[in-house]
Amino acid sequence: MNYLARESVSKIWIASACSLAMTLMLFFSNPHAELVIEITRGYDSARPIAIVPFEGEAPLDPFSSVIANDLHRSGRFQPLPLDKMPERPARSSAMNFEGWQKLGMEHVIIGRVKPLPFQQFQVIFELVDIYKGLKPVEPNAVPPSPVLLSQEFIIHASNARKLAHQISDLIYEKLTGEQGIASTKIAYVSMIGSKATKEYRLEVADADGFSPRIAARSARTIMSPAWSPDGTRIAYVSFQKWPKVQVLVQTLATGTLETVASYPGLNTAPAWSPDGKKLALTLSKDGNTEIYILDLATKALQRITHDEAIETEANWSPDGSQLIFTSDRGGSPQIYQYHFATGTTQRVTFEGDYNGRGRFTSDGSRIIMVNRQKGQFHIAVQEMESGALFTLTDSTFDESPSVAPNGRMILYATKQQGKGVLSAVSIDGRVKLSLPLQEGQVREPAWGPIPHGISGVSPSL
Amino acid sequence: MQSNVVKLVVVAIMMSTFTGCALFGKKDTTSSKTDDGQTQGSVETSGIGESGTLSGTALEEQAKKTKNVFYFDFDKSIVKDEDQTVLQTHAQYLAESSSKNAHIIGHTDERGTPEYNLALGERRAKAIAEVLQTQGTKNGQLTITSYGEEAPAAEGHDESAWALNRRAEVMY
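From first to last, the protein sequence lines are chains A and B.
For reference, each letter of the first sequence is one residue, going 1 to 461 in our numbering.
For reference, each letter of the second sequence is one residue, going 1 to 172 in our numbering.
Next up, chain B with everything else stripped away, as it sits in the complex (with noise of 0.2 angstroms):
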């Protein structure tokens, strides 16, 4: 059952990277895309807030200041619609130069066998990798890894530090 969710997200995702359509950038009201926002190298943003258009350093800085840890539920490695918006901030400084690379490291909670978590925290780093190629990030911009259980952020052993730990990273 879940797979089929994931798997029909992960089709979604594609076909809006085939089609140009925005499937979630519509979620976002703070910053006006251009609706063939898949052009490469021609993004047009708007500033989040009151800092108008930003390009250069000032968008390296905004997207090295973003959120940049993004949470999972359990056994789920789909990205949620909150973190969709969070992560254009990412994919637009991405977007700037194809020399510009981000590490994507998945992680999960210590339930479970290490080896499936290992294959799991990929399947999330995954996931937001492919949230940042729809919106123009190129594949060969980004480094895809899993730690799986073994590097937790929190070392408790219960739901509140499990909920800490099942999560992917981007790092400059």
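Just chain A, with the same shape it has in the complex (with noise of 0.2 angstroms):
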């Protein structure tokens, strides 16, 4: 696999460029500061296809047009041109595969909205796969479906673009077996102006970057935004007590903050545990910085570490049975591992002179990391059971890659022309998005979980 293919623009992509940029310039161009995304490079091996746009969707737009921008984005297929279309059917009774066929489409999303009382709008979508449509059928015998998915659902208009990601994820799901990230949420810290008049912002915004929330705003530093695994809660650094450096805890549907550690010295990197009832956190009350254990009911503390070299940006692994954790024990920073169970700690890190702020992809097989080589950081990605390390990107101030929960994408923190913004890689190094925000700095994002069940969205069948 060659993690650092260099994959040239393709004809496809410039040539739907034009069609395609025109429909994402609709609702990327917004007067207010929100993420905006560029593909910058992609699979040649995107599979082909097409998202017709919904016949009646009109009160709900944009809807085709996320949908076909979710899958875009997952690098895994290669939307076609809204002109390049033979024919805009709303129900797969009524299309002319040959047409399709003939433009190299495997599947076609069709679809068609229809408005109810009280704002109220009925969805319903079908998943059309081509060679099953064109399939010769014996005499006599039923044609087989050509229609691989197909739901309906009532929604209130509020919640269109809500229910466009999860139509693409149920899509991306049933043509790939992976789970889609299309309905997730990302964190992020923004700073906007500068010196006298800088805020820090945390902001949630979906993960096609639409729709920013602010969290949290503070004339102080905002770091280290960390999720809790049931998407309620939000960890984060605040110094808005200067001189304290303190960890504090959101609730996201109230605002509600909790102070969870406000030792003497400092109190950052907060991490979750898998069952969301601990906090892994840097703390240096002790002397020097060193992990513990925050018990968030009994507000226990257990300590991890007992060395005086710098100990932080712990992390668990997703069956709660080891932390990962950097340290500069060794003479400079190098990420280690330490067992619960045998309160064993080992070196996981060997490449490079610098390795830290490492995360465990969900299935626990993965770490990704910030990995210096000759004085330029980037985000790497190591195998737990063979140590081999594979570098993802290549520009030189990589740092805070946070994985998708599908474990296909990672997002992180970068410098263009020296201002911050957000880009994302995914997990083979293959496609790379931007996403560059129109004022201030971006910077340390953190990837929601997979939400469980989606308000406001319901299947009428």
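Fair warning: there could be bad hints in the mix.
To be verified - Here are the simulated lysine-lysine pairs, DSBU-like style, with alpha carbons at most 35 angstroms apart: (1) A:241 with B:67; (2) A:244 with B:80; (3) A:195 with B:80; (4) B:100 with B:65; (5) A:174 with A:277.
Hints were generated in silico from the structure; no laboratory data involved.
With the hints in hand, could you dock these two chains into one complex?
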């Protein structure tokens, strides 16, 4: 597998750039400072797919274009530009399969939207398999349905985007066998203004960068947002009570704040246990930075490290049996692994003179990290079993990697012309997205968990 | 390797505190410190330059005019020799009365992860505090904090800016 394949922009992308970009421009242009998605590199092997504008979708606009964008951003699908579509069916029974086959389409998504009273809408979509639709049928036999997936929903207009993301995930899962992340959220810190007028914000946006909401704002530094496993809370570091550096936990739905760590010295680098009941923390109250586990209910503290070195950036394994953390006990920052059962610690990283900010992927088989080689900081992934390390990015100041809950994409912070921006790269390095902010500096992204049940969207069947 | 050198320096500072041996004071030729400079509240000094003996407000003014930003090498928290000397002025001022306080803030340049840099900034502030403590400042007089890479002095993205950001500041 070529981890640093430099995919040249494919001809299809250039050709479709105009029309697709125009479509994308419509919902990217925004007077407010929202994240804008650009796909800088893509799979050559992205699967051709067509997302036909849904019949009657105008009141929910943008709708089908959100689905197209989600699938495109996964790097695994190449949506057909609207002006290339031979027809705009609303039902699979009314489709001309040959027309789509001629364009090389394997799957087509179609749908229809019907208004109901009280700003409600009925939305039906069908995922159609073109080749199934073309299969010759035995005489007197019932033709197999070309529809791979179909579902009907009743929603309020305000939940249109949410539903579009959910449909994207259903389609993505059906066609790839993998969990989709279109319905997830991302949190990040943005800094607006400079010097005297600086404001720090903790923002939560959809995974595609839209609908950002400010969860917290402060004149002083906010750092290290960390999602609770159930997605209802975010822990973060606040300098609000400077010179105290504290860890706060904010409940997103209500905005209520709890100060969970305010010991003398630094209180920082929060990381949630998989059951959401504990936080690993970096505290320097006992002389220098060490890792501790805080039980959120009892407030009991368990100390994990006992070394004069800097110990920080703890992260739990998905099964809760281990922590990884950064320590410079060996002379330079490297990642170490602590096993709760045995109390033993061993070094995990050996390549490069700096390895930090380790994060497990959701299946626990790999860790992503910041790795420095020859003075340049990159995002890298290391396989736990083999110890093999692969570099995923090639700019110079890449940091704060956060892996999507399906393990496929990594969000990270980097600098473009000195400005802090977010970028994303796929776990195999092939797909790169950039998310430039129009104002201010964006950093420290944290990818939220798969939402359990989507409120406001109910299948009617 | 670097960690071992830091440990050695820290141990040396600690030992000099206990043995009353002014390990770094010997470099200063302009002020004559008594050899038992660790005696609390009775440090005798002679002034730097032509000012003669300073105390009280004069000493406070001098301390506040003295260089209070100290720079570090990349990834390091070792206080430079020339800074050990400068810190004496601050220590003298603080040693006058245990009710005097100073706030030491450590910083780093932007390279490296924000959390590691928060810890490294604290380590730099602690290194400065330890030098002051060998010269009579009491633990309770110092507040140690870190801004990590979050409050750069210079906004650039090259070595000239980074060098200005790797620092610890003594604030009154």
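Does the structure break any of the earlier hints, and which numbers would those be? The structure breaks none of the hints.
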